[in-house]
Amino acid sequence: MRIFQRTSFNFIKHRKIAYGFSIILLVAGMLSLAIKGLNYGIDFRGGSEVVIRFEKNADVGQIRSVLDAAGVSGTLKQYGMDRSFLFSTVFQGDTGQLKSLVSNALHERIKGNPHEIVRIDAVGPSIASDLKWSAIKALLASLLAILLYVGIRFEIKFATTGVIAIFHDILTVLGLFSILGGLFSFMPLEMDQSIIAAFLTIAGYSITDTVVVYDRIRERIRGQKPSEYERIFNESMNQTLSRTIITSGTVLLSVFVLFIFAGPAIRGFAFAVFAGIIIGTYSSIFVAAPLVYDWLHLTKSSVRLRGSKTA
Amino acid sequence: MKNKRFNLLLIIVVTLVSLWSLWPTWRDYSLSKQINGFGSAQDSLKYALSHREEIEEARKKSLKLGLDLRGGMHLVMEVDQVDLFEQKAWNKDPKFIAIMQAVRASAARSDARIIDLLLAEFKKDNIRLSRYFYDIRNSDQEIVSKLEKESVDALSRAKEIIRNRIDQYGVAEPVITTQGSRKIIIELPGVSDENRVRNLLKGTAKLEFRLLREPEVMVRTLDRINSFLVQNSTVPKVSPVPDSSSVAAASLPGSEKVAQAGMSTASNPLYDVVGLSQNGTAYTSERTREYVLSLLRRSDIQALLPMDSELLFAAKPDIGKGGEKLYTIYLVKKGPELTGGVITEAKATFGSQGVQPEVLMSMNTEGTSKWARITGANIGKRIAIVLDGVVYSAPVVQSKIPNGNSVINGIESLEEAKDLEIVLKAGALPAPVRITEERSVGPSLGADYIRAGIQSLAWAFFAVSVFMLVYYKKAGIAANIALVLNILIVLSVLAGFNASLSLPGIAGIVLTIGMAVDANVLIYERIREELAEGKGVLAAVTQGYDRAFSSILDSHVTTLSAAFLLYTYGIGPIQGFAVTLMIGTSASLFTAIVVTREIFHLLLAKNLMTEKSFG
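Sequence lines, in order, name chains A and B.
Using my numbering, the first residue of the first sequence is number 1, and each one after it goes up by one.
Using my numbering, the first residue of the second sequence is number 1001, and each one after it goes up by one.
Simulated from the structure, these hints should not be mistaken for laboratory data.
Hints are not guaranteed to be accurate.
Each computed SDA-like pair below joins lysine to any residue, with the alpha-carbon atoms no more than 25 Å apart [stated by the list, open to error]:
(1) B:Lys1334 x B:Ile1401
(2) B:Lys1064 x B:Ile1487
(3) B:Lys1316 x B:Gln1353
(4) B:Lys1612 x A:Ser242
(5) B:Lys1612 x A:Gln239
(6) A:Lys99 x B:Glu1286
(7) A:Lys225 x B:Asp1028
(8) A:Lys99 x B:Arg1070
(9) B:Lys1325 x A:Asn104
(10) A:Lys99 x B:Gly1170
(11) B:Lys1535 x A:Ile3
(12) B:Lys1060 x B:Asp1028
(13) B:Lys1159 x B:Ser1145
(14) B:Lys1612 x A:Lys99
In isolation and in its complexed conformation, chain A is listed as follows:
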């Protein structure tokens, strides 16, 4: 079986359309980030969360009013699919007290529908800011590492555009999180540690796809005249199109499985990786390689590549 065999899309010619599309996506995301902001999970804002599961179906409004009457202020949301609710409130040093308060109130007021507190998380404000810092550090360090590695393996133009493509992917997903955050009850899309893990996974994977395309360009561009670059870029991208899409496809398959089966705790992560891989695949063809082309074109330089001996 074969998909995308012997294609001859003129990617380079139409690159401006792709640039425009990317810019619209990015600007929409940034606008949403500026206006609506992000939905931070307790990892980054601090606070306490209680997951309550009922034996039978329960009404959100009723539980909310019971908790209000008991004097526990916070927000209550449906959590996942199965009669579970997530109650979040400000940080409580003593989660035992919070637990008994919630539990007693529900026990007294909602009869005939026993509940169980299946999870309690509490993150103090100092920890939350620690986590935020280490997340930022991890992201920056990974981008730097990728820049260095690709810079050594290829050359600086390839490395820089590769990292620009990663930025593009992560920022687009971040924008999506802001736009879609809180819209769906089955995936709240909160920014927490697992989303940072998703971003790093996206960064690692985005460059994977990009490197496959670069590798082919490197293999074919050696000793060619700059006037031939457009043809070589196009041919290389068409030749690698099939593998780029299939490699992403297998990962998308397994991430989709995670999204469906792994439960609400993993759903935000799965969504981020899913979106990130689609965008990463798109950007490796429509953003990273065309940018290298433009750069070469504008500076009228020819490529001096390293390490293509293996090819």
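Based on the hints, put chain B in the right spot on chain A.
Positioned in the frame of chain A, the structure of chain B alone reads:
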């Protein structure tokens, strides 16, 4: 030929080692299945006892499940460094106390290191640290490094004490580690009584024996505070809840003063909330306790206390006539006569009447002789037994106690007495700790997570392997064999290194399933290209592997470095994800390249491969 044989040998060895490493996990699983399979509990117990060694051996070496899958508690505790540094100072004048208060306030707002904040506050007032810390000749820098060392020591001591407490309480496989200069991370799998564990961990367990002031002194002090409050008109309303003040006053029985106070509320602000009985015992009700506490903490009120004295509350309330809970207030000497450091043994038991739980303590020789001297010199006086700043009991010394025994009573339940026994035996923490992060997962949610994880694994494997078969035909089989080996390697490495598998870890394996076949996709696509150029199968396979290698290496290195950084900067659950992703990615370099290639060689040698084998 030699090289080929080496690869084949390597594959066999890796497979065998993986299976061997996962064998205990399988044994553990089948043994516990067998135990649960018996009809009666007796049979199960009998089987468990007769196979005890085998079961324990298997369990020890089997793949551990993370806290989220087993259910349990994850706690991060922070050592209060401000308190620790305060303890180290030796000349605590009001200036020092003011500075430390400023440090405490700024520590609550910023994430900077406490020692830097401390230094900054002292710099601001142009005071050298040596005025309060260590030797007067020390420079600021020397003192800072000494205090830093002190806090590292305190952290490791606190960790040991917490480990002792947990060991005494009895939790299977606790993991206790330190992070940075003030955090202790505690993982307790399978803990059911979270509240009790929390109380057990957070108490400092600082035990002190302190002399009580005479009742007359107490009465005079309270009078002084009361008249100060009357004069000081800046205190507008005495009670936090206006209407409860009269209720509180009226409900404090057996007190003439309160009765008077009830008549003239405005003139006796203190006695509205504090009752005083004829024998000079002061108390306050549960409702007004917080308010009185905050009142007594004020520095202008503190100044009214007699020299070297402080007011402490009882740990447990007494039940008053009206069923009201009343907390006794004690005026005690500031300096302890003796501290908990001398306690060598503690035992929870029931008291002489057989109903009241209490904790018996014995002391070391030094403590015994001191205790004998103290009790001998204070016959007829009262000595308060203070634990973590609250008074458990304040018995009157009847006679000299020569054998170093003492007892804590005023304890509500035997369970609490047992917990006190544990903390007293483990010793006092060098400084107070507080819980800054807590995550607990109940066992039922853990079971859900396991089910969800296994489902995701199965479906992901199914989807990806079917795709590979359909798309690449025979070559797809090779990739799928490699995939199975890959998963096996990830699990066996986790089991072999005693790492635990968490839900994010499973997510990492699922992601690995998708990524591991990528290398095969790259190779197969390349082989197809070579075949399309008209090369023979053998040449196409060789070229395909050689030419795809560079992009495979690049993509693996980038994924690995991202996962490694995630592991370095991430905490807890995210590290689990990073670990499985790292193992899976490295393993796929081996399985996708070496294993599939070896399979092709075998097939090619037997003429079982044609151009059509690549779909």
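Verification of the hints:
1. B:Lys1334 x B:Ile1401: Status holds; Cα separation ~23 Å.
2. B:Lys1064 x B:Ile1487: Satisfied, since the Cα-Cα distance of roughly 16 Å is no more than 25 Å.
3. B:Lys1316 x B:Gln1353: Holds, because 19 Å separates the two Cα atoms, which is no more than 25 Å.
4. B:Lys1612 x A:Ser242: 18 Å, holds
5. B:Lys1612 x A:Gln239: Judged against 25 Å, a Cα distance of about 20 Å means the pair holds.
6. A:Lys99 x B:Glu1286: 22 Å, holds
7. A:Lys225 x B:Asp1028: 66 Å, violated
8. A:Lys99 x B:Arg1070: 20 Å, holds
9. B:Lys1325 x A:Asn104: Within the cut-off at roughly 22 Å; holds.
10. A:Lys99 x B:Gly1170: 23 Å, holds
11. B:Lys1535 x A:Ile3: 22 Å, holds
12. B:Lys1060 x B:Asp1028: Status holds; Cα separation ~9 Å.
13. B:Lys1159 x B:Ser1145: Measuring from Cα to Cα gives roughly 21 Å; hence the hint holds.
14. B:Lys1612 x A:Lys99: With a Cα-Cα distance of about 63 Å, the restraint between B:Lys1612 and A:Lys99 is violated, given a limit of 25 Å.
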